[in-house]
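Line by line, the protein sequences are chains A and B. Position one of the first sequence corresponds to residue 1 (my numbering), numbered consecutively onward. Position one of the second sequence corresponds to residue 1001 (my numbering), numbered consecutively onward.
Derived from the structure by calculation, the hints contain no laboratory data.
Ranges of calculated distance between the beta carbons of each label pair, as one might list FRET restraints: (1) B/Arg1069 x A/Glu37: 32 to 38 Å; (2) B/Glu1132 x A/Glu127: 42 to 48 Å; (3) B/Ser1126 x A/Glu49: 56 to 62 Å; (4) A/Glu127 x B/Met1271: 48 to 54 Å; (5) A/Glu127 x B/Gly1096: 53 to 59 Å; (6) A/Glu8 x B/Ser1004: 36 to 42 Å; (7) A/Phe105 x B/Asp1015: 33 to 39 Å; (8) B/Asp1236 x A/Glu8: 32 to 38 Å; (9) A/Gln27 x B/Leu1116: 57 to 63 Å; (10) A/Thr74 x B/Tyr1036: 37 to 43 Å; (11) A/Ala102 x B/Ser1004: 55 to 61 Å; (12) A/Gln27 x B/Ser1004: 44 to 50 Å; (13) B/Trp1042 x A/Glu49: 23 to 29 Å.
Listed below are the simulated DSSO-like cross-link pairs for lysine-lysine, each with C-alpha atoms no more than 30 Å apart in a straight line: (14) A/Lys113 x A/Lys30; (15) B/Lys1301 x B/Lys1233; (16) A/Lys33 x B/Lys1011; (17) B/Lys1233 x B/Lys1143; (18) B/Lys1195 x B/Lys1301; (19) A/Lys92 x A/Lys116; (20) A/Lys116 x A/Lys33; (21) B/Lys1011 x A/Lys30; (22) A/Lys36 x B/Lys1011.
Beta carbons are placed, not taken as given, at the ideal position from N, Cα and C, and that holds for glycine.
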Amino acid sequence: MKRVYVNEEYCIGCRLCEIHCLVQHSQSKKIIKAYKEEAPQLMPRLVFEEEGPLSFAMPCRHCADAPCLDACITGAMHRDEETEAVLCDEDKCVGCWMCVMACPFGAIQRNLKGTKAASKCDLCYGEEMPACVAHCPNEALTFEER
Amino acid sequence: MSLSLLPPEFKIIRDDARCIACQVCVRQCANDVHIYDPEDDWIYSDYSRCVGCHRCVTLCPTRAITCVRNPLDFRANANWTHAMITGLHKQAETGGILLSGMGCDQPQRIYFDHLLLNASQVTNPSIDPLREPMELRTHIGRKPDRVQVRCEDGKVKLDTQLAPQLALETPIMFSAMSYGSISYNACLSLARAAKQAGIVYNTGEGGLHPTLYEYGPWTVAQVASGRFGVHPKYLDVAAALEVKIGQGAKPGIGGHLPGEKVSADVSRTRMIPEGTDALSPAPHHDIYSIEDLRQLIYALKEATDYKKPVGVKVAAVHNIAPIASGIARAGADYIAIDGLRGGTGAAPTVIRNNVGIPIELAISAVDQRLRQEGIRNQVSLIAAGSIRNSGDVVKIIALGADAVYIGTGALVALGCHLCQKCYTGKCNWGIATQDPYLTKRLNPNIGSRRLVNLVRAWSLEIKEMLGGMGVNAIESLRGNRDHLRGVGLNEVELKALGIKAAGIG
Chain A
1 MKRVYVNEEY
11 CIGCRLCEIH
21 CLVQHSQSKK
31 IIKAYKEEAP
41 QLMPRLVFEE
51 EGPLSFAMPC
61 RHCADAPCLD
71 ACITGAMHRD
81 EETEAVLCDE
91 DKCVGCWMCV
101 MACPFGAIQR
111 NLKGTKAASK
121 CDLCYGEEMP
131 ACVAHCPNEA
141 LTFEER
Chain B
1001 MSLSLLPPEF
1011 KIIRDDARCI
1021 ACQVCVRQCA
1031 NDVHIYDPED
1041 DWIYSDYSRC
1051 VGCHRCVTLC
1061 PTRAITCVRN
1071 PLDFRANANW
1081 THAMITGLHK
1091 QAETGGILLS
1101 GMGCDQPQRI
1111 YFDHLLLNAS
1121 QVTNPSIDPL
1131 REPMELRTHI
1141 GRKPDRVQVR
1151 CEDGKVKLDT
1161 QLAPQLALET
1171 PIMFSAMSYG
1181 SISYNACLSL
1191 ARAAKQAGIV
1201 YNTGEGGLHP
1211 TLYEYGPWTV
1221 AQVASGRFGV
1231 HPKYLDVAAA
1241 LEVKIGQGAK
1251 PGIGGHLPGE
1261 KVSADVSRTR
1271 MIPEGTDALS
1281 PAPHHDIYSI
1291 EDLRQLIYAL
1301 KEATDYKKPV
1311 GVKVAAVHNI
1321 APIASGIARA
1331 GADYIAIDGL
1341 RGGTGAAPTV
1351 IRNNVGIPIE
1361 LAISAVDQRL
1371 RQEGIRNQVS
1381 LIAAGSIRNS
1391 GDVVKIIALG
1401 ADAVYIGTGA
1411 LVALGCHLCQ
1421 KCYTGKCNWG
1431 IATQDPYLTK
1441 RLNPNIGSRR
1451 LVNLVRAWSL
1461 EIKEMLGGMG
1471 VNAIESLRGN
1481 RDHLRGVGLN
1491 EVELKALGIK
1501 AAGIG
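Just chain A, same shape as in the assembly:
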């Protein structure tokens, strides 16, 4: 399947991936409106790691053998049949955070502000290319099949 790959050598630490991830998952999908009106309820669905000059975005790896799927007690975490992406059905999520514990990459976060559900990358479901990849100014993120 097509995944988001990180080339940390060229990650410039601008965090535009985070910003556009948040906008993509807002109601309006308009950057100024999303930040000025909706932001308190929103959070980016990828984790950004930074230490010294090294930085990279860490969206969900959509593992073939995803531990979060086994850990989920409600079946909220599921694999999409069509795209093979690991998705979280926020209506089913009860916020037990077992997926957060199980994820070996730390790519799942708790959304305590808005949905109170597990927040994770959905590869911008329905879009041709995830927003983080489309807006990475230095091509440090790529969306490809490897």
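Mind docking chain B on chain A? Use the hints.
Chain B only, in chain A's frame:
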């Protein structure tokens, strides 16, 4: 510490209605102009440090930032200009030489803008380069006085032994920019682009990083006065060698790479201790005459079995014609001439702005002189010093150059915004810096793609212009001043350029 009298050069205007306080500008500015205040959840800009590089403007996701020249100005004075006054203030505060990056930014006459090209109408047909072959391939190196051939078994054989040549798919080369003055990623972008475009790049005086050896066939290795990074392998892998005598931005003076830019990798490549200043002496300490230059040229030829062209790069200065004649007679295979507006990573501003002559006049003078002496075929001429577009390429070739070196143009393609602060090592575009936070901003995959696009675009335009003139090979344009006319030039200038005024014939 007393109050600085220097006014900010630029002003940052932040559109509060658009700013989302995402802090991209804060993270991207190496000059610490933008500061986030978590208490107010707001960003303030101390624009006294702004250099006008546009990094924040370009990356701001909401286009909330505008950078303008600071409208605060001194009382209008044609003599004591803004630049003069701030220069004096700076020197009064520091007691040092004023430094600049990039080429001369003063309004010296740009002769390219006073030259116009010809095109075919009725009496001779123009050529459509999309339908007919158009040759841009250029060979740099010594050409024989005459060619002897013989026929054997119905086949033509060449008896004359040809001198080594540097083959270029198009008459454009990337000029000397050293690893140290520019980042590894910038060097890699240039090397990869040169390979893809079938041209060459130049190592400058920075040696060659071992991982770039694979680009050797597209590399010109420079031997300059500091001899940094020169060793047998360096000479062996390159396609051509170049003795650097001078540089257009700073003729007559050496180079100075500050110790801060001499990282572990740069120190290994240059073969100097880490963190020490890399000082290139003003002259080569073994060259005090044309005869000495000949010794070095032949030492390099000897070291490489006479298999590579060896060129000499000089700055365009007074008497450039006899200097070039001497270099040709010293055995150089090509002469690269860098004009007044040639770029640099760092030069004293007063030298950058006042020393040298424009490349248009220099190339014309050298080409005419070498033709008069009957030795034009012995060397190729490479023009450097602010070749800004394909029109400049065509014009300088018509004035006698074989090919051009582009440095600033290539850097602009890589993202350079000509803020002229290369010497600070804080290049926000990841080009003129060794700071690991900044160098990764230049992705060589993107950089090489942009450079290849630039060379391709210029080549297409050159073909169109040649076609319009009714010429189907760049060879036919070289020194063909009939294709040029001058506008707004006086008789002395027209004579120096060897061209007619527009409207005269």
